[in-house]
Amino acid sequence: MPDRIRLQVARYRPEQESEATFDEYEVPCPKEWVVLDGLNHVKDQLDGTLSFRWSCRMGICGSCGMTVNGEPKLTCATFLSEYAPGPVRVEPLRNFPVIRDLIVDIGDFMRKLVRVQPWIVRQTERSPTQDAYRQTPDEMDEYKQFSMCINCMLCYAACPIYALDPKFIGPAAIALAQRYNLDSRDQGAPARLKVLSEHAGIWGCTFVGECTKVCPKHVDPAGAIQRYKLTAAVESIKSFVLPRGAS
Amino acid sequence: MKAHSEYHQRWLRRPVSTYWWLEKPAYFAFILRESSCMFVGWFVIYLLLLVRAVLDGEVSYRQYLEWSATPGILFLNIVTLAFVLYHAVTFFQAAPQALVVRAGRKRVPPRLVLAGHYVAWIVASGLIGWVLLAGRA
Amino acid sequence: MIKRHPEPLLWMLFSAGGVLSGALMPMLVLLLGVAIPLGWVAPPSRDELLRVLGNPLTRLAFVALCVLSLFHWAHRFRHTLYDGLQIKHLNEAIAIGSYGVALIGCAFTVYLVWQVP
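Line order of the protein sequences matches chains X, G and V. Start counting the first sequence at 889; every next residue gets the next number (this note's numbering). Start counting the second sequence at 366; every next residue gets the next number (this note's numbering). Start counting the third sequence at 41; every next residue gets the next number (this note's numbering).
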């Protein structure tokens, strides 16, 4: 086991250049270090100009997503020793515009997320002094898996449909819509259906399945999308067969 | 997007190559799976040609059988067999993720949904074999 | 109300076609495309085939298989051209072309099966 490893890190300095370049750094490689530790070592000891996002360093904040040796990964959850003897290629997350070095802009996702209304939508509200919205453990299990999403965007980086058509609403947005659609306390499914059944909604997905493969929290967005296709298809039959206005 | 200025630098947008599907084995497998539809389409044509030959008479049917044994068509159908099998396996593999079946309150385990597809496949294949081959003198 | 577009219907046809072609085609290709031409099994006689095709259940199954498989092909073909080859500007034309060809195939299938005595 070598005690040092080479990192090939993508750099993009918009004030100086119009293309990305690569800088190489040699960092220590203790067995408990993750790629993020290597990057922090670079920034602390070798090159303070390297820019990247990170926060919790324990796989829950979703900030540190990057492309490591071609695969989208959380750099706080990817051990350097896995890639020994190296080199390890670290690039920004795919399919998003790069602001600087390893930092991408995820504004597109943030706008799409708001559109699916990822919160409990009620037609009839209850006042807090009345009964609370009760839910059995079985009812929670219905949507629990989809609630695990940490918005890390690895799924968008892996999805070839999103790469080819940036209008595609994307795996995480649909999985989060499903998290609320399947929540027994929610009454917002019709409103979300309008957004999701557009051309660039769920129907853009061709079930490549890469999103589910790269998801660090096992959300299975591909499954959420296919299940929702069935729901939306049944809804469209119902709206065709039943008289308009009857819902 | 705002035009770049000294306060909003130019973002780097990386184009997607036309050969994106060669970059990862998983992407290649996906395109292969999608290409299987061409062979599904071809076999429909093959079946329709068979029915037309049968309707046209004994001579047409003989000619069809001869044509189906020519090396080109035979090779095409062998490749078709491979792709149709790949299609069946990948389609059935995807079914449990899409189909959440409930028996009462419990959710049917994905393995059973998959097994159900394979059982139906075996039964259907057996039926086809019996219809086409049984009853021979 | 939701803007009406045919995607849900097309997807359902694609899915049904996928299941039918996956379940029925392997055996059919094996027998009709490989085993019989190679002489591993004797081909059915014309009379036998006419009898099989004349059965109302087989007629239904055959039409269902062909029609749904054609739509399965059309849907996947159109999406693969769009994604795989990125021919976005021809999107409408490709969609109409693919489903159009499928519809013609369906008409031909029904026409043939209708003629079986």
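Hints in this document: simulated from the structure, not taken from any laboratory. Quick caveat: nothing in here was measured; it's all calculated off a predicted structure. Among the clues, some could well be false.
For lysine-lysine, the following DSS-like pairs were computed, each having C-alpha atoms within a straight-line distance of at most 25 Å [said to hold, decoys possible]:
1) X:K1105 <-> G:K471
2) X:K1082 <-> X:K1126
3) X:K1032 <-> G:K389
4) X:K1082 <-> G:K389
Each hint, compared with the structure:
{"no.": "1", "hint": "X:K1105 <-> G:K471", "verdict": "holds, 24 Å"}
{"no.": "2", "hint": "X:K1082 <-> X:K1126", "verdict": "holds, 15 Å"}
{"no.": "3", "hint": "X:K1032 <-> G:K389", "verdict": "violated, 31 Å"}
{"no.": "4", "hint": "X:K1082 <-> G:K389", "verdict": "violated, 34 Å"}
The structure does not agree with the numbered hints 3 and 4 stated previously, though it agrees with the rest.
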